[in-house]
Amino acid sequence: MDIKRSDLKLYARRALKGNWGVVIGATLISMGIAYLFTTALNAVLFAALRIGADALFGKFLSPVSQFPTGNVSAGTLVIVLIVLYFVYLVAMLLMSVGYQRLYLDVVTEQKGKVTTLFWAFTHSPWKFILISVLIALLEGITTVPIYIMSLAAALSGGSGFAAAFLLVYEIIFLIVYAYVLLTFSQFYLILVEDPQKGIFEALAESQRMMKGNRGRYFVLCLSFFGISLLAAFSFGLAALWLTPYTGCTFAMFYLGLKGQVPEKLKHSPAEIAAANASYTGPTYYQEQPIPQQGYYQQPMQTPPQDMYYQQPVQTPPQDMYYQQPAQTTAQDMYYQQPAQTTPQDMYYQQPAQASPQDMYYQQPAQTPSQESYYQQPAQATPQEPYYRQPAQTNTDPDKNIPSGTPQV
Amino acid sequence: MNEQTVQPKNGNSMALGSMVVGIISIVASCCCCGGIIFGSLAVVLACLSRVETYFDKQAKTGLICGIIGMVLSVAAGVVILVYLASAGASGLAGSGFYY
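Going down the list, the protein sequences come from chains A and B. In case it helps, my numbering puts the first sequence at residues 1 to 408. In case it helps, my numbering puts the second sequence at residues 409 to 507.
Among the clues, some could well be false.
[Unchecked claim] DSS-like, lysine-lysine: derived pairs with alpha carbons at most 30 Å apart: (1) B:K468 / A:K197; (2) A:K258 / A:K4; (3) A:K211 / B:K465; (4) A:K258 / A:K197; (5) B:K468 / A:K17; (6) B:K468 / A:K211; (7) A:K127 / B:K468; (8) B:K465 / A:K197.
In short, the hints are calculated from the structure, not lab data.
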């Protein structure tokens, strides 16, 4: 469901509050591991260079002759270098997947742990390695024409055809590449949430989820440009905070697509009341268009939250609600409306459905969060008779109030 | 009220950090890039500390101080460059370098 970009970021910041130490600690650990790997790679590389330089120039003229090599041969060093480099790539890849898992844990209000960084090492690592190899192969294949035409242009002394081909090809390649990236952007999050899913199943699900949402995701990516620029001014110091922030925002986007944004992170009733007070546009129930496309947006039914929205006086224990989303007091407020007799009784006879619906009722019309509603079709169905048959309930001519009209 | 009520955390340490770094940025703005480094960090921390629909007072202070520190640092850099350029030009002219 469409959650505003600013709300996604706000929810991510709320989720990160209290977890900054974990995510920054994970970042520092991964940076330390990367530093160790690069140091080892440099050591092996310089040792191989020394052997080569000694062979070419003699020991006394070698520019890197101070570096110790021991008794190993150059071939052994090259093999060690290649193996170490691949181990480094795999470790970084799996740790980046672990990051996704950590961000998902944080935004779903689970207890984030630094050790989650190594989650992918024990959960289907070959799946992530395989898809990364496939992606690398595809990228390599698609860039082959660029190399061929560049080589042809260089050999022919530069031709107009080659230059035009390269320009057009790179533009098309860029557009297609961005489209594919956006389409499959949720792939890793889908797999880290459920590692049992297959690669192609996750790809298909990502494609289904991103249908109609690619533009939003693209704009969300672009919206981090400004703050990334500021982070660059701080010589990368601010990236310690910015990287988890962006990661959690993307994870929140994923939860938003699935309609699973935790209620605790959403706007409090006080914020909703303030937004309702400042809202001057049409109400959702009357005029706001209902989206007909997109992921998890199928069973649109008359959202009954307008009745609640138009009763701002009946939002007393807001702090209680904000801290106890699963244990709302909206029912009590509901009971305080004796004029709505018959349909209320129908509603009260289904207490199991009351809690999630109440949470839904307290969402603002400006930020419709129907995703939680949509994901509970089994709970929403029993309420349909009530909202779809208002004429049958209002039999009192003195109280001939149409359904959906505010009962202030 | 339920017994499992989670009490809200008092204070916002990130907003406090933003304010401290923002003040440091003003102090460090006379240095080479101190104002820009700490100022941008203060602005980022202030932005990330906002967990409500409004800024904390400390975050707002950090934001403003960070911006002031960055502006002062840029201004100081420009002044130093102009001074060095003018001093260099006058020094070269006085030394008769071009003659």
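Here is what the structure says about each hint:
| no. | hint | in the structure |
| --- | --- | --- |
| 1 | B:K468 / A:K197 | 46 Å, violated |
| 2 | A:K258 / A:K4 | 15 Å, holds |
| 3 | A:K211 / B:K465 | 41 Å, violated |
| 4 | A:K258 / A:K197 | 16 Å, holds |
| 5 | B:K468 / A:K17 | 18 Å, holds |
| 6 | B:K468 / A:K211 | 39 Å, violated |
| 7 | A:K127 / B:K468 | 46 Å, violated |
| 8 | B:K465 / A:K197 | 47 Å, violated |
Of the hints listed earlier, those the structure fails to meet are numbers 1, 3, 6, 7, 8, in rising order.
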